Amino acid sequence: MDTIPDHVAPGRIFPFDFRLDPRVRRDPWGFFHSANELPEIFYSPALGGHWVIGRAELLAEAWSRPDLFSAESVSVPKIDNPFRLIPNNLDPPEHRSYQQIFTRQMFAPRIIEALSEEFRKMTREHVDAFADRGHCDFNAEYARPVPVKIFLQMVGVPHSRRGEFDAPVERVFRGTTPKIVFQGITEVAALLDRWLDEEMADRHSPREAHMLEAMLTAEIDGRLLDKEELSSMATMLMLGGLDTVTAATMHQMLFLASNSSYLKQLVDDPGLIPNAVEELLRRFSAPNVGRVASRDFEFHGVEIKRGEMILFSTSIAGLDASRFSDPLVVDFERKGLKRDSLAFGSGVHMCSGQFLARAELRITLEEILPRLANLRVAPGAEIEYASGGTVTIPGLLPLEWDA
Numbered sequence: 001m002d003t004i005p006d007h008v009a010p011g012r013i014f015p016f017d018f019r020l021d022p023r024v025r026r027d028p029w030g031f032f033h034s035a036n037e038l039p040e041i042f043y044s045p046a047l048g049g050h051w052v053i054g055r056a057e058l059l060a061e062a063w064s065r066p067d068l069f070s071a072e073s074v075s076v077p078k079i080d081n082p083f084r085l086i087p088n089n090l091d092p093p094e095h096r097s098y099q100q101i102f103t104r105q106m107f108a109p110r111i112i113e114a115l116s117e118e119f120r121k122m123t124r125e126h127v128d129a130f131a132d133r134g135h136c137d138f139n140a141e142y143a144r145p146v147p148v149k150i151f152l153q154m155v156g157v158p159h160s161r162r163g164e165f166d167a168p169v170e171r172v173f174r175g176t177t178p179k180i181v182f183q184g185i186t187e188v189a190a191l192l193d194r195w196l197d198e199e200m201a202d203r204h205s206p207r208e209a210h211m212l213e214a215m216l217t218a219e220i221d222g223r224l225l226d227k228e229e230l231s232s233m234a235t236m237l238m239l240g241g242l243d244t245v246t247a248a249t250m251h252q253m254l255f256l257a258s259n260s261s262y263l264k265q266l267v268d269d270p271g272l273i274p275n276a277v278e279e280l281l282r283r284f285s286a287p288n289v290g291r292v293a294s295r296d297f298e299f300h301g302v303e304i305k306r307g308e309m310i311l312f313s314t315s316i317a318g319l320d321a322s323r324f325s326d327p328l329v330v331d332f333e334r335k336g337l338k339r340d341s342l343a344f345g346s347g348v349h350m351c352s353g354q355f356l357a358r359a360e361l362r363i364t365l366e367e368i369l370p371r372l373a374n375l376r377v378a379p380g381a382e383i384e385y386a387s388g389g390t391v392t393i394p395g396l397l398p399l400e401w402d403a
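For reference, each letter of the sequence shown is one residue, going 1 to 403 in my numbering.
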């Protein structure tokens with residue numbers, strides 16, 4: 001057990017290890033739900049020592065205070081990054097100009113809507129590959145590869161080079177420690193770096209891929225982005241949506257394949273799917289992200305010292321009964337989810353790719369559910385979870401259906 005700082009009150013110290021606690025492997029949501037019985041802000045000596053904020057109201061407030069809670073490191077335990085991921089590791093005011101490139105030129109709702117049929121086509125191609133078989137490894141055959149392919153297509157990486165990303169992306173997904181995950185991130189960054197060298201040699205030619213076009217033509221304070229900025233943004237674009245979308249896809253499919261009455265609801269009434277996506281994002285909110293105290297301060301009666309790590313747990317917040325009635329119950333008609341849920345964060349660091357993620361999750365259900373009759377988890381399957389990066393995700397998901 002790590003040394004506990006002297007200023008931490010004994011009544012706020014609780015063992016909480018969202019990566020290695022044995023309960024996370026089998027029942028992560030029971031583990032996170034039980035944290036709502038602890039103080040609103042508590043200190044865990046695990047993972048190098050860190051504060052935990054999971055109560056929804058306090059978490060939303062903390063996200064609105066980047067002056068106190070810096071995004072310098074978004075992993076617990078803290079990893080010393082050799083490079084900053086733009087815009088995730090930036091704080092205001094530096095963060096704002098870069099974030100606008102993402103929200104206005106890459107992920108605006110009108111842009112995502114225009115691309116939705118291309119996403120649907122890609123989804124159908126993957127489902128076609130296993131639909132007649134009657135079974136699949138959903139993680140390996142759909143949840144992992146589809147978000148990667150969507151990103152690589154949107155950013156313009158040629159088909160001939162996409163296989164180069166398989167091994168490092170696998171490390172990002174399957175790494176059981178932040179160190180292994182970070183190795184994968186470094187390898188992804190190196191591949192994107194080499195690809196950008198080629199693209200920057202002819203920077204002013206128009207591109208079909210809108211993300212690449214946006215990066216190469218965007219300006220900050222009247223200047224084009226330099227190579228370091230472009231590399232950081234490209235890495236952030238790829239990694240920011242992969243583990244989170246894959247985790248959400250896995251969680252929603254695992255729940256539906258395990259609960260036939262809920263599955264029937266969506267098959268009988270596809271109009272429920274958009275709100276079902278929101279409800280499943282709340283109920284199985286996967287991200288647990290880190291922040292660093294930028295200075296000594298007091299937050300809701302708790303003394304936090306400069307440099308200390310704080311875990312922002314959306315997994316706890318999504319199960320907070322003070323914000324969501326019967327939080328363990330899934331209700332596809334629950335109201336106010338886009339307003340109340342913190343699945344995509346809050347404040348200046350609200351996820352810029354949220355419209356893309358929602359589109360991918362919605363299209364997945366719209367395309368898969370009508371085609372895979374009597375969808376179910378394969379008998380005898382043992383579902384285990386891991387929290388290697390910033391999300392909690394099932395390792396395997398063997399599915400069966402009536403072909």
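Hints listed in this document are in silico derivations from the structure and should not be mistaken for laboratory results. Hints are not guaranteed to be accurate.
What the hints assert, rightly or not - No farther apart than 25 angstroms at their CA atoms in a straight line, the calculated lysine to any residue pairs in the SDA-like style are these:
1) Lys78 / Ala321
2) Lys78 / Leu58
3) Lys338 / Ala321
4) Lys305 / Pro45
5) Lys227 / Gln100
6) Lys78 / Ala9
7) Lys149 / Ala321
8) Lys121 / Gln100
9) Lys179 / Phe130
10) Lys121 / Glu278
11) Lys121 / Ala321
12) Lys305 / Glu125
13) Lys149 / Pro92
14) Lys227 / Pro92
15) Lys149 / Ala131
As the list claims (entries may be wrong) - Here are the in silico distance ranges between beta carbons for each label pair:
16) Ala190 / Ser64: 31 to 37 angstroms
17) Ala381 / Pro5: 39 to 45 angstroms
18) Ser260 / Gly336: 38 to 44 angstroms
19) Glu333 / Ser258: 18 to 24 angstroms
20) Glu333 / Glu298: 38 to 44 angstroms
21) Asp27 / Asn374: 43 to 49 angstroms
22) Gly336 / Ser97: 29 to 35 angstroms
23) Ser64 / Pro5: 43 to 49 angstroms
24) Ala9 / Ala201: 56 to 62 angstroms
Predicted model, so just to flag it, every value in this text is computed and none were measured. Note that beta-carbon positions come from the ideal geometry of N, C-alpha and C, so glycine has one too.
Here is what the structure says about each hint:
1. Proposed proximity of Lys78 and Ala321 is contradicted: the alpha carbons are some 30 angstroms apart, above 25 angstroms.
2. Of the pairs offered as hints, the one joining Lys78 and Leu58 holds, with about 22 angstroms between alpha carbons and a cut-off of 25 angstroms not exceeded.
3. With a C-alpha separation of about 17 angstroms, the suggested pair Lys338 and Ala321 falls inside the 25 angstroms cut-off, and the hint holds.
4. Taking the CA atoms of Lys305 and Pro45, the gap is about 15 angstroms. The hint holds against a cut of 25 angstroms.
5. In summary, the hint linking Lys227 to Gln100 is supported, as the alpha carbons are separated by about 19 angstroms, within the 25 angstroms threshold.
6. Between Lys78 and Ala9, the direct Cα distance comes to roughly 23 angstroms. Compliance with the 25 angstroms bound is thereby established for this hinted pair.
7. The straight-line distance between the Cα atoms of Lys149 and Ala321 is roughly 38 angstroms, outside the 25 angstroms bound, and the hint therefore fails.
8. Distance restraint check for Lys121 and Gln100: the Cα-Cα separation of roughly 29 angstroms exceeds the 25 angstroms cut-off, and the hinted pair is therefore not satisfied.
9. Distance hint between Lys179 and Phe130 is unfulfilled; the C-alpha atoms sit about 34 angstroms from each other, more than 25 angstroms.
10. The suggested pairing of Lys121 with Glu278 holds, with an alpha-carbon distance near 23 angstroms, which does not exceed 25 angstroms.
11. Restraint check for Lys121 and Ala321: the C-alpha separation of about 39 angstroms exceeds 25 angstroms, so the hint is violated.
12. Distance hint between Lys305 and Glu125 is unfulfilled; the C-alpha atoms sit about 52 angstroms from each other, more than 25 angstroms.
13. Under the criterion of a C-alpha separation no larger than 25 angstroms, the hint pairing Lys149 with Pro92 is inconsistent with the structure, at around 32 angstroms.
14. Taking the CA atoms of Lys227 and Pro92, the gap is about 22 angstroms. The hint holds against a cut of 25 angstroms.
15. A hinted pair counts as satisfied when its Cα atoms are at most 25 angstroms apart, and Lys149 with Ala131 qualifies at roughly 19 angstroms.
16. Roughly 35 angstroms separates the CB atoms of Ala190 and Ser64, a value that falls within the hinted 31 to 37 angstroms.
17. The given range of 39 to 45 angstroms is respected by Ala381 and Pro5, whose C-beta atoms sit roughly 43 angstroms from each other.
18. Taking 38 to 44 angstroms as the suggested C-beta distance range, the pair Ser260 and Gly336 does not conform, at roughly 27 angstroms.
19. For the pair Glu333 and Ser258, the beta carbons lie near 20 angstroms from each other, so the given range of 18 to 24 angstroms is met.
20. Taking the beta carbon of each, Glu333 and Glu298 are about 41 angstroms apart, inside 38 to 44 angstroms as hinted.
21. Taking the beta carbon of each, Asp27 and Asn374 are about 26 angstroms apart, not inside 43 to 49 angstroms as hinted.
22. About 32 angstroms separates the C-beta atoms of Gly336 and Ser97, a value consistent with the hinted range of 29 to 35 angstroms.
23. Range check, Ser64 to Pro5: Cβ separation about 25 angstroms, and the 43 to 49 angstroms hint is violated.
24. Checked against the given bound of 56 to 62 angstroms, the beta carbons of Ala9 and Ala201, roughly 58 angstroms apart, stay inside it.
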